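One line per chain: the protein sequences are A and B, in this order. Going by this note's numbering, the first residue of the first sequence is number -5, and it counts up by one from there. Going by this note's numbering, the first residue of the second sequence is number 549, and it counts up by one from there.
Derived by calculation from the structure, the hints in this document are not laboratory data.
Taking lysine to any residue pairs in the SDA-like style, the calculated list, with each CA pair at most 25 Å apart, reads:
no.: 1; chain 1: A; residue 1: LYS874; chain 2: B; residue 2: ALA578
no.: 2; chain 1: A; residue 1: LYS688; chain 2: A; residue 2: HIS745
no.: 3; chain 1: B; residue 1: LYS552; chain 2: A; residue 2: HIS730
no.: 4; chain 1: A; residue 1: LYS152; chain 2: A; residue 2: GLY588
Keep in mind the model is a prediction, meaning the values are calculated, not measured.
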Amino acid sequence: MTSSRLSKGGRIDRSKSVRFTFDGKAYSGHTGDTLASALLANGITLFGRSFKYHRPRGVFAAGSDEPNALVTVLAGEVREPNVRATELEIHDGLVTQSQNRFPSLEHDFLAINQLAGPLFSAGFYYKTFMGPAIGPLRGTRFWMFCEKFIRRAAGLGKAGIAADPDRYERMNAFCDVLVVGSGPAGLIAAEAAASTGARVIIAEERPLAGGSLLASGELIDGRNPAVWAREKAAALAAMPNVRFLTRTSVWGYYDGNVLTAVEHVSDYKPNRTKGQPRQRHWVIRTGRTVLATGAFERPMVFPGNDCPGVMLADAARRYAIEYGVAPGNNVTLFTNNDSAYDAARTMSLAGVNITAIIDVRPDVSGTCRDIASVAGAELFLAHAVTATHAGKALSSITVQHFNAGTGRVSGAPRELKTDCLGVSGGWSPAIHLASQAGGKPDWDEDLQAFLPPEPNQNWVTTGSAAGYMDTISVLSDAATKGSAKSRLVLPPVEAPMLDASPAPVFEIEPSAKSQKAFVDFQHDVTADDIRLAYREGFHSVEHLKRYTTLGMATDQGKTSNVPGLAIMADVRGISIPEAGTTRFRPPFTPVSLGAIAGERYGDLRPHRLTPMHDWHLANSAKTYEAGLWHRPMIYASHGETVEQAYTREARAVRQSVGIVDVSTLGKIDIQGPDAAEFLDRVYTNMFSTLPVGKARYGLMLREDGVAFDDGTTWRLAETQFLMTTTTANAGPVMQHLEYYLDCIWPNLRVHLTSVTDVWAGSAVSGPKARAVLEACVTGTKVDNVTLPFMGIVHGKIGGIPVMICRLSFSGELAYEVYCGAGFGTKVWETLLVAGEPFDIMPYGLEALGTLRIEKGHVTGAEIDGRTTAHDLHLDWMLSKKKPYIGSAMIGREGLTDENRLSLVGLISMDNQSITGGSHIVTDPVPREPADSFGHVTAACYSPALGKYIALALVKHGTSMIGNRAFATDLLRDKHCPVEIVSHHMFDPEGSRMHG
Amino acid sequence: MIIKCPYCGPRDVIEFIYQGDATRSRPEPASNDMAAWNAYVYDRANPSGSHREYWLHSGGCRQHLVVTRDVSTHAISSVVFARDAAVAVKSGEPA
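Chain A with its partners taken away, still in its complex shape:
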């Protein structure tokens, strides 16, 4: 046993035992333990295998900066990989597993990877996975076979495949001041802000407030600082204007002072309260942000520094003070600064045996010497650790004389027995959120660290995040940063006089024979990898990062960033600020996708249903989705195919009468003295000449002259029009019109209202359509004189006020009947009753499409954003008397070119169906590639013609009429001989709809 539980101390509840398992073995800990502290208390120091080399790794940190001790949490079928053992609170029944080992953590087969070092060196993604560039294995299947194993060998935990059964919540919050972190700085800043009445949110990533105070050996207000912090936090949380969020990690900083956070609501509990989400995702909009995020201790880079038993000095201290765990029996410390002495002092007082302190500096202060001597630790000044020795766990280290000025190691090596080495390479302010917000950090020569950038949004940093490393200055800085107006009386602090400025030593350079020295533990990036990247020409920090993957693991380089930069600066012979740093990206800590999604999963689109939707379903409609709308495709009869159904429906329309739901058409109410003038400008044809009570078919272009949308617009009054748009373009047309009214023609007195959902529409089509209306419409005549083609009348159907316009998409005598949406089904059913004597047939979109294809009427399939009015034979709609949107650009060469595709009809010559999307070719033999000179936009079986037909866009379309070609669809194995015909395939004179 190396690490063990101390007989007293820690904030754990020793009266409560917690049972959990790790790799199948049962262990016990106490309430308040993390998995890391509980396993250390059980003498477990081996936590996992490393990313590439499968090296044994132990716990290295004690918080969110942990690079090594990642575990998988199992809950039934659900597995959550890469959870930091240092943050995972244990509870009864917790099941955890180590990662990246095979077959077991202790006996890992892939540790052989350590011998295959070159395969995994810097740039291994680019080198190894590309395979050898020369030699017998170049480009072989054998290499691809090997790659699978190499990929399996390198990696972190495996994601689960079971659906996540948990519930997640989203919250939006607003505050005047958001304080991130609740260490001494966060608590005082929050108190200062809250005392002025500001609405304050404090977010703390750990389960309780206090930050560094939880493991401090100082005295605040003459008391234990952890107790002081607990009381301060409780007082704050009790204030009505303060919201205190614990277990809440602020992970992103975005524009407009928007921050994102994830709160662990119940995932640390063995039994969740009913209704509680597992996690809650916060989007916090704040007036001001106080970043009191603290600082991360940096490792020293030296040979063998990844051995289990080597950990950050502050982590060792935290295990001892917070959890009552001695990280080892003989703890040694290796440092370049004073903070390790404070760790030694505090641990020693807690009963941990400190045997030696190795310091790279040639001299240290009297305070430091006193601490070492009181703790009984042998002091090695101007020394460095040059090797670690371990069986399954650290057993000893080698120390040698070290010159901090030259970086040179000399003299006889001496071996020291130790089972835990705490390292401290100085402290880096946690500038991640500030960096995300966009500023370039400033290098501080004194602290040998990057300080937060100048604020580019309304935020401040305070405490050690701002570079204040002693508690007294942290508190006074936080009070002013919290609020300039507050008059807080700060408590006295008793602390040893220590200096946080480190000697500028980041690495003890390995000699040829020594062990690997790791910089990024999680991605297995060594100091030599950085030098290799330099030799291979990757000098910029941005290249270095991507080539070596330094700092790109899930810990976001919390421990590795500065040492990595320092080593690169050193090989380049420049200073660290000259080498620069990369920008931190969200998330600060890993965030589960479930938390971000919240309740938004599955089908997220709204479903738009017409007023008659329930009737359709009750009458055997098969629906499909057209945009957000659900529309009847066919009304299925028993045993029919889709083609048989739509053929039956379309035939009924041509022979007698049919009815179709057209409520989905976009409808815009356009009112104002200048409404007619406005329509003249947006449509290619004239609307100011349209009499009241008449409708007209209109075409809109985009500004570049390409066709945009079509539809009919009805003049309901001198100053009121009802515009209809295609279903798909309802939104874009509205936006288009609004844009011109707001931005281009603000002087036009016109108002627009979207009324798509206000009206239900039923189209009654067929030779008997008028007879149907005559049987049910009251209050108006519907004869050819009262209601001529494109005429509008107002009347009632079944007592419901309706507006009827005689217009035709099907080419038959047809009427669109509009009524208030709430009466849609009533009017629809009344029309059906009136149509009974004529065997009125409800028809769906397939029949609607068939009828329009027969007539050559265009829809979005032809108005596809590439075609012009000319291409679609709609040039007759282009007014010569006025300018309109698109008129200036419509005559451009490219839009009038002879070779453009234009609309034609196709008739299948072999009685086979033509598939939509087929290409038009001349070659009778299907081959690829073929010279396509057009494509099919829509196809169907035409009951009116008794043939399979299609619409197509074909080069030189009109002059091709009468020619034969092939519609080829190699994907669906079709090659259909077709005759090219006019797009007016049925009733070209239009006699039926005018009848």
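Position chain B against the provided structure of chain A, taking the given hints into account.
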């Protein structure tokens, strides 16, 4: 990003639709100056720093706004109704 809609107040960018460069001006409708039309329809500068843009408050009042925004910092210096800005331009005042 938060846009202070003059009608609805400060709202998250998610409620708005970007509607393009607000510095271009449309030629007179009957103009056949193809160079001017071409510039209006296709030519866009990509300036760093302050820029005038149209934003449609599609999830709010459905007004087009002219937002003056520093595209490198997202700092918004002014938001006005596009109608007011357009009227001001027509009558020769700076918007």
